[in-house]
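Chains as they are written, first to last, in numbering that gives the first Met the number 0: chain A, 0 to 108; chain B, 0 to 594.
The hints are simulated quantities; they were obtained by calculation from the structure and are not laboratory data.
Incorrect hints may appear among the rest.
Derived DSBU-like pairs: lysine-lysine, alpha-carbon spacing no greater than 35 Å straight-line [unchecked claim]:
1) B:LYS211 to B:LYS127
2) A:LYS9 to B:LYS33
3) B:LYS543 to A:LYS101
4) B:LYS47 to B:LYS281
5) B:LYS122 to A:LYS9
6) A:LYS101 to B:LYS122
7) B:LYS23 to B:LYS281
8) B:LYS543 to A:LYS71
9) B:LYS127 to B:LYS543
10) B:LYS23 to A:LYS9
11) B:LYS47 to B:LYS33
12) B:LYS309 to A:LYS9
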Amino acid sequence: MTEKLPNDEKLLRGVLRLNTRVMGLVLGIVMGLMIFIGTNWLLIKGGHIAPDGKYVVGPHLQLLSQFFIGYKVSFLGSIIGFFYGFALGTLCGTTVGWIYNKVVDFRTR
Amino acid sequence: MPHSPVVIIGAGPAGLTAAYVLSKAGVESIILEKDQIVGGLARTINYKGYYFDTGGHRFFTKVDSVEKIWKEVLGEDFLRRNRLSRIYYNKKFFYYPLRPLNALLGLGLWNSILVLFSYLISKLFPSKEEKTFEQWVSNRFGKRLFKLFFKTYTEKVWGISCQDISAEWAAQRVKGLSLLTALKNAIIANQSDQKEKRKVIKTLIDTFDYPKLGPGMMWQKVVEILHQNGSQVCMENEVEGIRWSGNQVEALEVKRNGQVELIYGSDFICSMPLRETIQKLKPQVPKEVLDAANDLKYRDFLTVALIIKKSMLFPDTWIYIHDPEVKVGRIQNFKNWSPFMVPDSDQTCLGLEYFCFEGDELWNMEDDQLIELGRRELEILGLVNKNDIQDGMVVRIPKAYPIYDMTYQKSLEVVRQFLNRFDNLQMVGRNGMHKYNNQDHSMLTAMLSAENILGANHDLWAINVEQDYHEEMTLAPCEEGALDKLLPSVFSRIDQLGLATAVGSVCGLLIFFATLWLVIRGGAGTFYFQLLNQYFFGYTVSVKGALIAMFYGFSWGFLFGWLFAYLRNFLMAYYIYRIKRKVELLTFRDFLDCF
């Protein structure tokens, strides 16, 4: 039948490589935005009065401050959260890309 | 002893185009034609003022230089015609490619259901082998559709069973676009400049130009121009021998008025069938070359032209006849090609095309018998009342189609290798190159051969190796190069184990460090984090828990990564398959035209 061309061979046999920088950047932006939008969404939605009479907004998301020091469910906190999310996402994305490429190198050696 | 710088064998589109290009450059030539009519396979016959085209030749091309010659020669004498060519089967017209509603109405509900089932069966249980044309088409359209719309016509055209035609032949007719090209087309098809090109291409497919009095008009005009410029077109001059020595053709032995004369030249362009060319070389060529040439086969055909007392029969320019009970394969309606081809608007002129082998029963039938056969078959088909047929004539066209059988490629290569030794002989045209090309590509080879004589260095055999895919988009070379590099890196598969390991590792480490962080720091978050043990049995916010969480995190991450890669690869493969399939079907659109 139709002969496969060398370029088709590349397409059919080739294995995708990940660009670690791009992976890091993309995951960083996604995680940063998730925290930023998630925080601001709770602010727009508003909170509730706790049994102790305090006005509470997003008590569960607030727990992120356990890991992200300085983070709060506030507009300023959303910006701080964005940076934390971005940093963590970048780290995770870069690591995923790096490990993936190493495994591919090893398997296609 | 006539002598001309250039001697051209054959006054068909190829030979005359070569002479035309040379004459424009001030080089005179002698063109030798064994027949009484110019135009070769693209001739037009004039019978009592009715013009018959032998085969139906659309003038459409993607080659600008060919288009330019057409316009230069005929200018205003071209008509722009809409293309309508349907399949006529069981007294019904079917669009090709098939349109669902038209097919449903034509075949009837029960038959349509059977076609659909047959198609589904072919998709679910395709023939594992694709050695024959029958298997190739059935795998794509189902056995029933193959029997209805491909089997009979193909067997009529080629005179052999579909089981004896190789699948490779079908694959050649449907240009095998590479996956990468298919992807490129799909990706760039929506760009605005490409949309414009698509519009132009669609116009090219759905309409075509046609000379008012058929393609012969074009070649008659070229002959007039050649005569004005000092070239000679010698009719009824049959080449009987080609004298050669070393790497030169020296002279041609030409039969004129019953006598053989020698015609010398410095360069020779030959559009004579390759088999004949080799047979006529003197001294005789080595046996293996002669055997290879004799292995090249041709399919011939004859047209029974009938004049009918009806102003309108059907709107198509031509129809494909798939009914097995008649021998006719295709019917041309010349009035629909050009109204100028029929002198009386109350009459219609049909050309019934019968595919045969020179010397077979059909070929040897008397003209009267063939006209009677045509009359009978038109009535069987329900197209014309026998009594409305007033007159008719028969035109036989030998060697109309070079046959691509299982051995032709090998034989052609032997012949080519031998002919390559000649410095001053170039083979051009359909039969001269044993290449199943259209008129425009025949002309292109001739133009380039003329340019070679004028000093260029074109490889004629490299032209039109594959027919162009009409829908194919074009890109600037730099864009094309960039896409060639980029696409494999985008559409290649993801290594499932690699992604699974990477995602698993990151998830495991993330949860491990998060737990450790809480172990060190403590706080309210510990309680909530502890809730993870709802999913990760045995998990606690402790050092031991961190290790357990790492294991769980790795496992879930691994699973997620693997699944993601698997689904992505699957969807990507499906996407590529769909594009490839779509392209294959689009190229199939012109499949019947390839005959």
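* To do: Could you tell me which of the hints above the structure violates, numbers in ascending order?
  => 1, 2, 4, 6, 9, 10, 12
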